[in-house]
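Asks: Make the full structure from the sequences, and use the hints.
In the numbering used here, the protein residues as written are 12 to 419.
For the record, the hints were derived by calculation from the structure and aren't laboratory data.
Among the clues, some could well be false.
[As the list claims (entries may be wrong)] Cβ pair distances, simulated, as ranges:
1. Q43 / T139: 22 to 32 Å
2. T41 / A251: 43 to 53 Å
3. R169 / N268: 51 to 61 Å
4. T189 / V354: 22 to 32 Å
5. R235 / K380: 31 to 41 Å
6. S46 / Q242: 43 to 53 Å
7. D294 / R97: 33 to 43 Å
8. R151 / D311: 41 to 51 Å
This structure is a prediction, so every number in the text was calculated from the model and none was measured.
Don't be surprised by glycine CBs; every beta carbon is placed ideally from N, CA and C.
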Amino acid sequence: MSEQDARSETWQGMQFGLFSVSDITRDPVTGQTPSEAQRIRDIIAIAVHAEQAGLDVFAIGEHHNPPFFSSSPTTTLAYIAAQTERLILSTSTTLITTNDPVKVAEDYAMLQHLAGGRVDLVMGRGNTGPVYPWFGKDIRQGLPLAVESYNLLHRLWREDVVDWEGKFRTSLSGFTSTPRPLDDVPPFVWHGSIRTPEIAEQAAYYGDGFFANNIFWPKEHYKRLIDLYRQRFAHYGHGAPEQAIVGLGGQAFMAKNSQDAVDRFRPYFDSAPVYGNGPAMEDFTEMTPLTVGSPQQVIDRYASMRDTFGDYQRQLFLMDHAGLPLKMVLEQIDFLGEEVVPVLRRELQKDRPASVPDAPTHAARVRAKYGDAEPRQPRPNANRGDNVTGGSPYQDAAGAAVGEAASR
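Replies: Written out as structure tokens, the structure reads:
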């Protein structure tokens, strides 16, 4: 087992971390709007600090329009991978609709290699209408695009050579996506949705994970999607409903004294575009998982998520939004790492049935595929100068005896 695999052994049970939507929002207290350059530097500092604070996961979204900066998540995550050792790197959305699935296959397999397997991703459709035509797509076709594109991506990561024909892109004949996934085990995929049951169905069909961002709606809304996903996961023969892989988002703002938290966060809540002109902060925290108060209040709120959603595998918090300055975000991460997450780890592990899977890791998935044998490491045949190969371009075709390639 490699050193990286040994480190990943520490990720047992549930994973806790951060997710960012990469917004650039005016700070209502100082009146200053950070530059793109500043926010990019800040997000690196936030991710590195998350690992230092003992969190497990950092995820960033994908956007192609102001006021967001994260148009290239793989570039950002690769840079973070070079500065961290343990942190799992993920996305809070990878746009399966406007991205070419061939490029998604290539980019995230490369990131997986560079990060030593510390990579997974959340697939999403994207709900920003103008973005679709920028990439030659039609948002009215968003759902069938998501279904077709992910089907291709799923095959590209599992078959050395793919022949494929669909409606929304040119056909492929004898195509090989390079590099092949690390250890011939693709990155774990979560499917994220706010309101679309077809995406929960898609996650269940493939036996993938389902991530509910759990931010702007009452928990009952997300429970319906998660319950559907669990039922259909079992229907497709992947295991019992409680064995489905579920992730949740959430939001919190903390201070030692709960009233201080309310006073400090209120100007950000009142001014942020995602909250502005809506319910008062007290009403919003009542209706949604946003928790503004002491660390103990956050612990109590999120320890109770299991009562609604069942045992689950990943809990991520949105912390760097609404114009919060970097210093304040780092303070929130410290609250998570020092006071909240250690207690949640213990509380959410209590009475957790043995049948409930641990959060997915690359090391565990490699073991599940190979047991004690060496993982496949594809070695290409002599260069033919093209990527239309017919048969497998590798010395060991996918499906060869486990461990055969490693001996060559």
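Asks: For each hint, tell me whether it holds in the structure or not.
Replies: Tested hints:
Between Q43 and T139 the beta carbons are some 26 Å apart, a value that agrees with the proposed interval 22 to 32 Å. Taking 43 to 53 Å as the suggested C-beta distance range, the pair T41 and A251 conforms, at roughly 52 Å. At about 52 Å, the CB distance of R169 to N268 agrees with the hint of 51 to 61 Å. Range check, T189 to V354: Cβ separation about 45 Å, and the 22 to 32 Å hint is violated.
Between R235 and K380 the beta carbons are some 33 Å apart, a value that agrees with the proposed interval 31 to 41 Å. For S46 and Q242, the Cβ-Cβ distance of about 47 Å falls inside the hinted range of 43 to 53 Å, so the restraint holds. In this structure the supplied range 33 to 43 Å holds for D294 paired with R97, their Cβ-Cβ distance being about 39 Å. R151 and D311 have their C-beta atoms about 43 Å apart, which keeps the hinted 41 to 51 Å range intact.
The structure fails to meet hint 4 from the earlier list, while all remaining hints are met.
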